[in-house]
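J.: Chains as they are written, first to last, in the working numbering: chain A, 5 to 154; chain B, 31 to 442.
Worth flagging that the hints you see were computed from the coordinates, not collected in a lab.
Be a bit skeptical, because a hint or two may be false.
[Claimed, not checked] With a straight-line cut-off of 25 Å between C-alpha atoms, the simulated SDA-like cross-links for lysine to any residue are:
| hint | chain 1 | residue 1 | chain 2 | residue 2 |
| --- | --- | --- | --- | --- |
| 1 | A | Lys23 | B | Lys56 |
| 2 | A | Lys126 | B | Lys56 |
| 3 | A | Lys113 | B | Arg438 |
| 4 | A | Lys132 | B | Gly409 |
| 5 | A | Lys64 | A | Gly116 |
| 6 | A | Lys132 | A | Gly116 |
| 7 | A | Lys9 | B | Asp432 |
| 8 | A | Lys132 | B | Arg71 |
[To be verified] Partial chain B-side listing against chain A, Cβ under 7 Å, derived:
| hint | residue |
| --- | --- |
| 9 | Gly397 |
| 10 | Gly409 |
| 11 | Ser439 |
| 12 | Ile440 |
| 13 | Ala442 |
We put the beta carbon where it would ideally sit given N, CA and C, even for glycine.
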Amino acid sequence: METPKLNSLYQQLILEHYKSPRNKGDLEDRTIEVHMANPVCGDEIRLQLRIEDDTIESAKFMGQGCSISQAAVSIMTTLLEGRSLSDAEDLADSFTSVMHGDQDAARDKALGDLRALQGVSKFPVRVKCALLGFDALREALRQHDEERDN
Amino acid sequence: MPVERGLDVQAVRSEFPALAQAVHGKPLVYLDNAATSQKPRAVLDALSHYYRADNANVHRGIHELSRRATDAYEGARAKVAAWVGADDPQELVWTRGTTEAINLVATAWGLDNLTEGDEILISVLEHHSNIVPWQLLARRTGAEVRYLELDEEGRLVLDDLERLVTDRTKLVSISHVSNALGTINPVSQIAEAGRAVGARILIDGAQGAVHTKVDVTDLDVDFYAFSGHKMCGPTGIGALWARRELLEEMAPYQGGGEMIHLVGRDESTWADVPHKFEAGTPNIAGAIGFGAAVDFLSEIGMDAIAAHERALVRYALERFDAIEGVRVFGPRSLDERSAVVSFSMDDAHPHDISTILDAEGVAVRAGHHCAQLVMKHFGVPATARASFYLYNTTEEVDRLVDGLERVRSIFA
């Protein structure tokens, strides 16, 4: 396997989100909260969403971990506000495909700044770091569905 | 007897085929020895020879191959028993590793000897494999697990020993050397305190037998658990040394072939120790490989290895001190620290440190090192850990430090 380049992993945008995460803190009027951790490495995220009428009105997170996990969730929250639940689901699917090496999915403009994380797909052991935030998002959407059905 | 002298590290390195490779285009610097060591040619050859020439089941056949396999397998038992200072090879039970050895004691000794209100004394420094088996045992017996705490340098707080060792203490189980911090524990002193109240003493030697001469008689303990793969042997083989009288009174661990004497419809009788604890076809090749590893290390000499490791750790600590933003965990004194340097860096998470070092060909471990209580003690989610062994060099420490400068340049 060709040796991946470190600078494809540690893009400025990622380091910048790691050092100054967006939407970090408590969301007072949240409707759903999910805690997601990677027990192997200790990365963790507490994702909080306010969902109204099938739309994510706002998203915040608390967390600690490596630059990839924390930058990915930070960028993710900037893309969620105002997005419909099905759009959010699509975003999660699209980003997951990119992480699994799908070059076509990487052209999806909806990914926005998440495209800066494309290089992570070349570092298989770090893919789970990048997906932690989206794992939390999927779980939040699942719980929201479940509560609505009850 | 080999003359005690400095270790010829280049000669040692040439015995380890895996070290002579490039990773990501750079010569490999393998500093994850506390996770598992590389294997010397002597061990690889022993494994290969067994499978190519002597492969047969042990203690069964009358035929020539079975005799050879049995001789090699039991010969390895004698070597590994002698390695930890046991007089009697029959006091050594083969296991899959340290974890299984500890679980064996928890099951075969613990269930019959602990009852509600009894206490098991361990420490916050332990690997999960010396915590969770006791939690499981406590749940099944009603016993309680108590902990020796750590000080700011990651040493056990022995002032608490008198308070924590009570007449309810039935077992004291402590690591010889910490895998997470490298702390060398004063096991003799702890064993003495436990012995004074009649408790049994287990030492988790996964990181102990690797770096120092172990003498179970001198240590005056009841159980010593250790693994082959951390000391140049194959994975999947380890051992439990225990006092013969304890092994004799303990119940079997698993039932099956090899561990029985006579089998009836309703009841069976057990084979003599240690076979009573070795149900099923054992890891024959692994045991033989473990024996070869012990021969290999003995040939070089543990004093020479210990001196070499100490010099490496001293050098690494000096160089780490000069890097801005690096925090080293564990004892400062070289007398209290084994060949492990656990550290963190301002701004850069241990995973990122490990990824950047890997790109430089330097293998370290990042994470909680199966010691979440230690991480909690220091208030960190994870650390990066460089662990050294007989084949590492000061030039490799330099490569590590260069890699850390790269981490700083990316994250500063």
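J.: Hint by hint, say whether it matches the structure.
T.: Do the hints match the structure? See the list:
no. : hint                : verdict
1   : A:Lys23 / B:Lys56   : violated, 30 Å
2   : A:Lys126 / B:Lys56  : holds, 18 Å
3   : A:Lys113 / B:Arg438 : violated, 33 Å
4   : A:Lys132 / B:Gly409 : holds, 24 Å
5   : A:Lys64 / A:Gly116  : holds, 18 Å
6   : A:Lys132 / A:Gly116 : holds, 20 Å
7   : A:Lys9 / B:Asp432   : holds, 17 Å
8   : A:Lys132 / B:Arg71  : violated, 36 Å
9   : Gly397              : holds, 5 Å
10  : Gly409              : violated, 11 Å
11  : Ser439              : violated, 10 Å
12  : Ile440              : holds, 5 Å
13  : Ala442              : violated, 10 Å
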